[in-house]
Amino acid sequence: MAIDHSLTPDRLVLNTAAAEAQCGCEDHDRFAGALSDTLDDRTIRYVLETRPHFEDLRHAVGQVAGMLVLAAAGSKTVTQDHPLFATARATLERVSDGIAAAHPSGRALHHHRHLIAAVGGLGLALKQAREDLHLHGIDRARVDPVLRSLQTAYQNLAWAAQALPGFELISFDQACCAPQQPAKTH
Amino acid sequence: MSDYSIWVLEYAYVPQYHMSGIIYGAHNEGYRKLPYGYVVIKGKDRVAMVDVGFNNKDLGGTFASMYGVQNWHSPREVLAQCGVTPEQVTDIFVTHAHFDHIGGTSEFPNAKFYIQEQELSKWIWAMSLGRKFSFLTGAIDPADIMRMVDSAKEGRLVIVDGDQEDILPGIDVHAALDSHTWGCMYVRVRNDGKPDSQDSYVFAGDLVYCMENLRGRDGNEGMYIPVGLAVGSQMNLLTATDRMLGMVGNDVKRVIPVHEERLKDLYPSRLNKDGLQVIEIRLAKGEKSLVH
Numbered sequence: 049m050a051i052d053h054s055l056t057p058d059r060l061v062l063n064t065a066a067a068e069a070q071c072g073c074e075d076h077d078r079f080a081g082a083l084s085d086t087l088d089d090r091t092i093r094y095v096l097e098t099r100p101h102f103e104d105l106r107h108a109v110g111q112v113a114g115m116l117v118l119a120a121a122g123s124k125t126v127t128q129d130h131p132l133f134a135t136a137r138a139t140l141e142r143v144s145d146g147i148a149a150a151h152p153s154g155r156a157l158h159h160h161r162h163l164i165a166a167v168g169g170l171g172l173a174l175k176q177a178r179e180d181l182h183l184h185g186i187d188r189a190r191v192d193p194v195l196r197s198l199q200t201a202y203q204n205l206a207w208a209a210q211a212l213p214g215f216e217l218i219s220f221d222q223a224c225c226a227p228q229q230p231a232k233t234h
Numbered sequence: 009m010s011d012y013s014i015w016v017l018e019y020a021y022v023p024q025y026h027m028s029g030i031i032y033g034a035h036n037e038g039y040r041k042l043p044y045g046y047v048v049i050k051g052k053d054r055v056a057m058v059d060v061g062f063n064n065k066d067l068g069g070t071f072a073s074m075y076g077v078q079n080w081h082s083p084r085e086v087l088a089q090c091g092v093t094p095e096q097v098t099d100i101f102v103t104h105a106h107f108d109h110i111g112g113t114s115e116f117p118n119a120k121f122y123i124q125e126q127e128l129s130k131w132i133w134a135m136s137l138g139r140k141f142s143f144l145t146g147a148i149d150p151a152d153i154m155r156m157v158d159s160a161k162e163g164r165l166v167i168v169d170g171d172q173e174d175i176l177p178g179i180d181v182h183a184a185l186d187s188h189t190w191g192c193m194y195v196r197v198r199n200d201g202k203p204d205s206q207d208s209y210v211f212a213g214d215l216v217y218c219m220e221n222l223r224g225r226d227g228n229e230g231m232y233i234p235v236g237l238a239v240g241s242q243m244n245l246l247t248a249t250d251r252m253l254g255m256v257g258n259d260v261k262r263v264i265p266v267h268e269e270r271l272k273d274l275y276p277s278r279l280n281k282d283g284l285q286v287i288e289i290r291l292a293k294g295e296k297s298l299v300h
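Read top to bottom, the protein sequences are chains U and R.
If you count by my numbering, then the first sequence holds residues 49 to 234, one letter each, in order.
If you count by my numbering, then the second sequence holds residues 9 to 300, one letter each, in order.
Just chain R, same shape as in the assembly (with noise of 0.2 angstroms):
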């Protein structure tokens, strides 16, 4: 039986990403579509997530007009769909800091955050180094994070050190130093509660965009390919998948990238009426499902 019922809720997508940004080194091979999602784990009491997508209002225009991301809607509109209102979100896992994960908190006034220290303490430092090191630090915007100070004032933010086993009853927190950035957090659920737990899915946050990031691509099966952006290493990514994939049985399908758009094709789903997919991971007893 399932703890927690957890579905990914897409909010907006760009219809044309190209292949390398998602696979390491796969230059020249066209485009796919790129969903943004965030995923809700419900059950116990609690009403969690995994990131919250972007701050539509300060940025969406622009993002938009540049990179053709379109249907945004806002998490009170997705969140409607499986009955819960942003006021009802008690736990928010915030797997790194780039703006379209981190850039939403404020819709969220009584969850509590929770980001790995060194996603921050490493981020300030690469501050320091100065422009020539910009790479390391363009994707964060300061406002997004000078809005956690509220957060952290009123006692909502919760700065992890590494792994973090029952974070939440049967959730754990685990650290990929050094990947995608600096502090990297990916989310297990172990949704029978159990210690040595056969029914794990883990949420990957942007340390895999794809199921080629886990499982290899024709001639390479079974070799992992790190995504197309890191500060730290990629050597690091690579190891982060296996531990990944060891929290499920080596189970690709239990890893779960959000930015997969063949993800509805392995789970249950439908489209919703503004376009958007709505993918059922599990349902937890007494749920209703949101896609049959």
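Chain U on its own, in the form it takes in the complex (with noise of 0.2 angstroms):
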């Protein structure tokens, strides 16, 4: 596989939302600072071998998250067969596959790590969305065990996002007043 070395540490979003907080693994600021100059080919590999799962874990989390904005704003459609619930749970099922078979060297364990867990959190969010998002009417209550389930998620997918470069939870590029990303050279 061609390696991509066009990652670079200025093109990248290091960190996102929850930047502050520290998720606890003791290897969390090892390579801090300089992420990019430390990877190796086969942490490249890794990179690109999951940063599509990464997206497809954003697009399942904020999938999820509006569905939850719609059924806590009391909205009728919202209801545990919604199937855009379906489309959130392939996606799961998808990334789950692709993540278990990636081989994270020692530098991406970290990375993994957090990976995983988004998974996990992605994964207890749906459950309980099937459990407890009934198709008559929802109790707004009901909706904050698979909204903390769903940040669990999220917050992992921000440290993945910090741990290794090549992971954007937002494109700022793509805001209404961000500028521009300079076009790749070729």
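Simulated from the structure, these hints should not be mistaken for lab results.
Don't take every hint at face value.
So the derived label-pair ranges between C-beta atoms look like this [what the hints assert, rightly or not]:
#1 U:H151 x R:L137: 25 to 31 angstroms
#2 U:R90 x R:E162: 44 to 50 angstroms
#3 R:P276 x U:D129: 52 to 58 angstroms
#4 U:G154 x R:G91: 53 to 59 angstroms
#5 U:D129 x R:Q172: 26 to 32 angstroms
#6 U:E179 x R:Q96: 36 to 42 angstroms
#7 R:T98 x U:L157: 48 to 54 angstroms
#8 R:G227 x U:T125: 47 to 53 angstroms
#9 R:G76 x U:H151: 35 to 41 angstroms
A virtual CB, placed ideally from N, CA and C, is assigned to each residue, including glycine.
Both chains come to you apart, so use the hints to assemble them.
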């Protein structure tokens, strides 16, 4: 597989929401400040391998978060059998397999740990959604357990985004007010 | 007589923002200062805002270092200029869910938030399209959406479906669907309170960045030009522009783009001690001017 060495720190968001919170891992700050400098080929291969899974997880977390907002706002259309929950479950299944099959280098172990935890959080959120978001109206309080698990999933994605370059929770370059990224040179 | 006092308060800025982001097609034309601001509408025992800026605690460091956003000040500091605390804000109109407009919601514990249903529902749908379509979803932070869950549970989130008149007395919201985002919303203040108001202002969110979007450019005066980013269609941006202008008698000065640096020249304004603009659109009776 060709290695894309165009990953450089200036093109990458290293950190997004919940940046101040520490994950508690012993290796949390081990490579801080020199993320790209420390990447070996095996780690880069891991980044390329798991980046699509990370993005899919972000999408699924966002989907469920959006559904929760609508549910908590009293929407009657958000129920446990809403097709987008099924889509998120299918995504989770696919991503779980992909992440389990990834081969993290030593440098990437910290990242991989948080990806696995994010999968766990999303899985729990979807399980709770299936149990708690009933067909006929929603008790707003029952949104809480789903939300907490979802926040766990997101937090782990944020920590993963901090652990290695190449993982973004938000595309700053697509914001209405954010200057566009320079074009890639070939 | 004005029912509401209205200010545009700058809370940060990018000194050099590329022109093609502001004006569609303006490639290789250099840079312009891009102010970040929100609107405060005060009167009738309410304090309303249009948008709340971004969450600097979570995002600011990254944002500032990557894109040169400078001089961010918190809502508490900025609102203090008009004698308001975040806790006193009663209503917030979220024009769209991009992180730099919705990210600061947690600063306002008592406010009711208004957002278009389609802004959420179609974003959720776009998320299901997968990463090949990430362009459609990238600027919305799932964390911002999760923060809205708490507001919703507390009954402080109002999902608006399309246009709604008198959402507050003399204040209407209008949808611009499938335009800059899926469910953009703009806010009309009829400051004389009349249904056929002759004293209206429209707060455009990011449907308009600058005066050129409203009135064209040299050689093309009178021609609408869309902003540089849309997940919907340019046509919908232009029809929204036409509709907004129609609400204010085609007076371009009354469609307010908070990102327009020259807004300070169109209305009374001053630079505060932190180097941020305070722009006074209107003063209600008995309200003290912030700029004189």
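Quick rundown of the hints versus the structure:
1. Under the hint 25 to 31 angstroms, the C-beta atoms of U:H151 and R:L137, about 29 angstroms apart, fit the expected range.
2. A C-beta distance of roughly 48 angstroms is found between U:R90 and R:E162, which places it inside the suggested range of 44 to 50 angstroms.
3. Evaluation of the 52 to 58 angstroms hint for R:P276 and U:D129 yields a pass: the beta carbon distance comes to about 56 angstroms.
4. For the pair U:G154 and R:G91, the beta carbons lie near 57 angstroms from each other, so the given range of 53 to 59 angstroms is met.
5. Between U:D129 and R:Q172 the CB atoms are about 30 angstroms apart, so this pair conforms to the stated range of 26 to 32 angstroms.
6. Between U:E179 and R:Q96 the CB atoms are about 40 angstroms apart, so this pair conforms to the stated range of 36 to 42 angstroms.
7. For the hinted restraint 48 to 54 angstroms between R:T98 and U:L157, the CB-CB distance of approximately 49 angstroms keeps it satisfied.
8. The hinted range of 47 to 53 angstroms is satisfied by R:G227 and U:T125, whose Cβ atoms lie roughly 49 angstroms apart.
9. In this structure the supplied range 35 to 41 angstroms holds for R:G76 paired with U:H151, their Cβ-Cβ distance being about 38 angstroms.
Violated hints: none; the structure is consistent with every hint.
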